[in-house]
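All chains, please: the whole structure from these sequences, using the hints.
Residue 91 in our numbering sits at position 91 of the sequence shown, and the numbers go up by one each step.
These are computed hints drawn from the structure, not numbers from a lab. We put the beta carbon where it would ideally sit given N, CA and C, even for glycine. Any given hint could turn out to be false.
Claimed, not checked - Dumping the calculated DSS-like pairs for lysine-lysine here, alpha-carbon to alpha-carbon at most 25 Å:
no.	residue 1	residue 2
1	148	123
2	27	189
3	189	225
Unchecked claim - What follows is a set of in silico ranges between Cβ atoms, one per label pair, in the way DEER data are often shown:
no.	residue 1	residue 2	range
4	7	214	30 to 40 Å
5	86	186	36 to 46 Å
6	27	174	15 to 25 Å
7	112	217	32 to 42 Å
8	89	210	16 to 26 Å
9	136	188	32 to 42 Å
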Amino acid sequence: MGIISVEHGDRLFWLGRYVEWSFTTLKAVEIHFDKMIDKSHQACSEFIEAFGLVGNWGTADAFLQSFIFDKVNTNSVAHSLESAYDNVIMLREEISTEAMSFIQIAMDNLEKNKDVSQGIAYKMLPLEDILFGFWGCIEDYVYDEETKNIIKCGKFVERLDLYFRLSYPEKDIIREFGRLCKCLSEVPKNTPYRYNTASLSVLVEIIGSDNILKQTSQALSALSKLFEG
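Set out below in structure tokens:
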């Protein structure tokens with residue numbers, strides 16, 4: 001494929017981020033929805049505060065509809081899938097029509113279930129499988145390693161961002177950071193789409209400390225600057 005331009009690299013990177021946002025946010029919303037069903041109204045507040053949001057989503061059903069199905073909510077699964085699709089259309093020659101079709105199927109599945117409130121975790125299982133299918137296509141149909149690597153960089157940056165925000169166990173954060181570092185080590189030196197070594201150094205120091213989650217704000221800032229296009 002040759003050297004990837006900054007603009008093209010940005011589309012690949014954000015494709016990875018949007019798909020990962022859809023998957024991890026879906027799982028997180030399901031967990032917090034179940035907590036609200038169990039009368040823990042604090043669960044909704046915990047979730048929206050993790051993303052620096054304000055507001056009152058009221059009932060568990062309203063919370064569910066907003067953060068999974070509402071395309072207007074820029075933090076929803078539906079909005080992220082649409083954003084992923086906008087990128088995948090421009091990249092279909094590089095990542096295959098098969099991968100593009102999985103994003104379309106995911107959007108269709110979400111639309112079909114938008115009025116569901118009972119048994120949401122069960123109803124969303126096909127969507128999770130569809131997103132796994134997308135990543136399988138990336139592995140099987142993307143032959144240019146640099147293209148594949150930039151998408152995966154986006155995936156792991158987004159996963160780490162969400163894991164920090166949602167206070168995942170530190171062992172999970174350390175594991176995913178290792179996977180991101182492997183991807184970063186494979187970024188060609190001559191590509192114009194490169195990562196910020198200063199931001200990476202900050203993350204290395206945080207991950208190696210004894211209080212990873214106490215440095216969440218610093219980690220989020222470093223992650224946001226890791227690739228600046």
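So, going through the hints one by one against the coordinates:
Under the criterion of a C-alpha separation no larger than 25 Å, the hint pairing residue 148 with residue 123 is inconsistent with the structure, at around 30 Å. Between residue 27 and residue 189 the alpha-carbon distance is near 36 Å, which puts this suggested pair outside the 25 Å criterion. The suggested pairing of residue 189 with residue 225 holds, with an alpha-carbon distance near 19 Å, which does not exceed 25 Å. Our hint of 30 to 40 Å for residue 7 and residue 214 holds, since their Cβ atoms are close to 37 Å apart.
Judged by the Cβ atoms, the range 36 to 46 Å given for residue 86 and residue 186 is violated: they are separated by roughly 26 Å. Hint check: residue 27 to residue 174, Cβ distance near 19 Å, so the stated range 15 to 25 Å holds. Between residue 112 and residue 217 the beta carbons are some 38 Å apart, a value that agrees with the proposed interval 32 to 42 Å. Hint check: residue 89 to residue 210, Cβ distance near 45 Å, so the stated range 16 to 26 Å is violated.
The supplied range of 32 to 42 Å is broken by residue 136 and residue 188, whose beta-carbon atoms lie about 25 Å from each other.
Going down the numbered hints, you'll see the structure goes against 1, 2, 5, 8 and 9, while the others check out.
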